[in-house]
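Undergrad: Here's the letter readout for the chains.
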Amino acid sequence: MITIGLAINRKTFVNYMLIMLFLALLSTLTVFEYLHLNETELVYFTTDSIGILLLAAISMVSIPTFYHGYKYITSRNDTAQSRGLFFAAMVMLITACSMVYLSNHIAVTWIFVELTTLSASVLIYHRRSLRALEGVWKYVFLCAISITFIYVGILFLSLSLKETGIEDMSFRSLVQYSSELNPFWLKLAFLFIFSGFTAKLGLVPMYTAGIDAKDKAPAPAGALLASVLMNVGFIGIYRIYAVIAHTPLKYWANTVIIVAALLTIFVAAVYMTRIKNIKRLFAYSGIEHMGLVMLGLAAGGIGVYAAILHIILHTFIKPTLFFQYNMIYKVYQSKSIYDMGSYFKYYKTGAIVILLGFISVTAMPPSGLFVSEFMIFQSLFEAQFIAILLAVLLLLTLIIWGFGVNIFKLLFTPPLQFDESKVPHISPWESASQFILIALSVYLAYNPPAEFVSLIQESVKLVQ
Amino acid sequence: MTDILLIALAMTLLYLSIANRLHTYLLILVLQGFILFGTTFLTLTNISTLNLLLILLETIVFKAIAVPWFMDYIIKRNKITKVAEPYLPNFLSLIIVTLIIVSTIILSYSIHDKNLDKTYFIVAVSTLFTGLYLIVSRKKIITHVVGYLVIENGVFVLSLAVGNEMPMLVNLGVMLDIFASVLILGVFFNKIGDVLKDPDVNLLSNLKD
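Listed in order, the protein sequences are those of chains A and B.
Under this note's numbering, the first residue of the first sequence carries the number 1, and numbering increases by one thereafter.
Under this note's numbering, the first residue of the second sequence carries the number 465, and numbering increases by one thereafter.
Simulated from the structure, these hints should not be mistaken for laboratory data.
A couple of the hints might just be wrong.
[Unchecked claim] Heads up, incomplete: computed chain A residues facing chain B, CB under 8 Å, no partners named:
1) Ala107
2) Glu114
3) Leu118
4) Val140
5) Leu142
6) Ala144
7) Ile145
8) Thr148
9) Ile154
10) Leu155
11) Glu167
12) Asn182
13) Phe184
14) Leu462
[Stated by the list, open to error] Every beta carbon over 10 Å from chain B, so not counted as near; a handful from chain A, in silico:
15) Thr117
16) Ser121
17) Tyr338
18) Ala391
19) Leu411
Beta carbons are placed, not taken as given, at the ideal position from N, Cα and C, and that holds for glycine.
Take these sequences, add in the hints, and give me the full structure.
TA: Following this line, the structure appears as structure tokens:
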């Protein structure tokens with residue numbers, strides 16, 4: 001309803017009031033679902049612990065996203081129509097993501113994944129340029145193929161159900177009868193559903209479209225694509241993994257996941273050491289983290305706990321970098337690292353955010369991701385995957401090096417041929433939300449509230 | 465009877481691999497739409513009439529008439545050259561598609577599942593992979609779309625195999641068809657036509673690292 005209102009209405013004031021209303025509704029929904037944990041509503045939606053965790057994360061991230069979206073739109077003098085469309089697509093994307101987190105039926109999940117593709121493509125094409133067109137074309141085409149893959153996976157899943165005579169395809173009944181499923185079809189179903197969801201999650205084989213999309217979408221939308229939309233892919237894989245984890249096929253599935261995750265980290269390492277476009281750099285860092293999350297999931301033990309913690313902290317940290325990108329662009333009017341430098345001189349607060357964001361994203365000790373990443377390594381060690389652990393550590397070192405070279409160039413090295421007189425003044429308050437998000441991630445990692453820990457432990461029980 | 469129709473569908477794949485003109489591709493899509501119409505009518509005997517009607521309408525109106533007509537319109541409006549421009553010679557394509565079909569037949573005989581109707585499985589999977597092959601081996605964007613539509617047809621055949629037990633899944637497939645085709649063709653191809661006068665894929669290949 002709000003989406004339609006936003007798309008039609010051209011009055012600035014009404015637009016912003018509708019967004020306020022949406023944010024209020026989203027927060028209310030989160031609190032309401034938390035109070036009604038594990039209850040089923042409207043037949044197809046059940047709030048389980050993993051769902052509520054991701055829902056809480058999305059409602060926290062969406063507030064600064066709309067703030068920065070507002071900043072972005074006011075700096076561009078767009079028409080009222082395109083502004084309405086931008087916010088409408090954002091509202092629709094956030095709603096569809098929330099519904100994916102909460103749905104308890106694989107078909108309903110699939111429908112809302114389609115909706116995320118639709119709304120994300122509107123956001124990517126916001127700038128109406130040739131390159132944005134290319135980005136959105138690749139994204140739409142690959143996502144169309146990926147949802148077809150998921151659909152084929154669902155069909156195979158239904159074939160594996162045929163012998164048991166069950167017709168209920170909700171996740172709960174799939175887990176309950178998982179031992180009776182035909183293993184051959186279950187294998188095929190897992191392969192197809194897994195590779196379908198990799199387009200959203202950003203793993204090998206279908207990560208490419210997501211990178212172009214995050215590069216071409218306006219930065220606040222890119223922040224959504226790089227955090228909450230990746231969580232959509234994660235929850236899809238997590239739920240189907242929960243089915244297969246209760247069968248003897250678990251070890252086979254772990255192998256598939258580990259291969260995909262290792263290749264993903266490898267790809268991220270290769271590109272991050274050589275690209276010079278700062279937005280793509282952030283996007284590749286996102287797929288590296290998803291690779292780590294999947295490694296944790298496959299290693300089992302404490303790794304599953306770490307994977308969930310990691311993905312939630314990542315949801316808070318990655319948007320800060322994308323939000324900050326808008327201000328970098330305001331200063332340098334360029335995406336290329338060659339045009340940037342001495343950011344400390346031009347916008348001190350922003351430079352501190354970038355520095356803190358860099359420390360957080362590379363998981364150096366004061367960062368929240370350090371805790372979860374350390375636990376993932378620990379789980380790999382305990383699961384006797386020593387060779388994999390060594391390879392990952394080597395690749396991560398490369399990634400930190402590649403990332404660091406570019407970030408320190410941005411922060412400290414003076415730029416070449418740069419006209420200082422054109423640098424606009426940016427209020428330090430625009431970066432306030434980034435500090436809050438980074439602080440939140442540190443707080444959740446080092447001093448987690450008891451409810452938070454018990455929710456994660458509940459979620460871990462879904463797959464063990 | 466369904467076997468004959470499904471085998472005819474597999475034969476259109478072979479023709480697809482050697483077709484040279486875009487117009488031929490569209491005609492094959494129309495033919496596939498009609499074949500799917502017939503197969504649906506003969507296969508789905510256990511579902512409610514209204515639901516069957518919906519699915520039949522989708523195959524005939526959407527797959528066989530609307531989409532090919534719209535693509536024809538796009539080709540004419542954007543003055544796309546009418547040759548498919550494959551990367552590989554047609555003879556090689558023919559061999560590859562034949563290999564795809566043969567290998568799915570071999571694969572299907574390695575499955576021991578009495579619930580599986582092998583013809584559906586073979587035709588569906590080979591259509592799916594032929595569609596993927598078309599996407600990677602042709603140069604133009606519009607042939608990529610044709611490849612995607614072929615994949616969808618393959619998936620539709622697969623959904624028919626479980627259609628009698630779970631009609632909901634076939635409906636989902638219909639939704640996928642309409643959603644993805646409208647998204648790809650309707651919203652998007654119009655835009656490509658507006659911005660690029662010559663929608664060849666090589667104009668959309670600058671976004672890389």
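Undergrad: Now tell me, hint by hint, if it's right for this structure.
TA: Hints and how they fare:
no.: 1; hint: Ala107; result: holds, 6 Å
no.: 2; hint: Glu114; result: holds, 6 Å
no.: 3; hint: Leu118; result: holds, 6 Å
no.: 4; hint: Val140; result: holds, 6 Å
no.: 5; hint: Leu142; result: violated, 10 Å
no.: 6; hint: Ala144; result: holds, 4 Å
no.: 7; hint: Ile145; result: holds, 7 Å
no.: 8; hint: Thr148; result: holds, 6 Å
no.: 9; hint: Ile154; result: holds, 7 Å
no.: 10; hint: Leu155; result: holds, 5 Å
no.: 11; hint: Glu167; result: holds, 6 Å
no.: 12; hint: Asn182; result: holds, 7 Å
no.: 13; hint: Phe184; result: holds, 6 Å
no.: 14; hint: Leu462; result: violated, 25 Å
no.: 15; hint: Thr117; result: violated, 7 Å
no.: 16; hint: Ser121; result: violated, 7 Å
no.: 17; hint: Tyr338; result: holds, 15 Å
no.: 18; hint: Ala391; result: holds, 22 Å
no.: 19; hint: Leu411; result: holds, 23 Å
The structure fails hints 5, 14, 15 and 16 (numbered hints given earlier, in ascending order).
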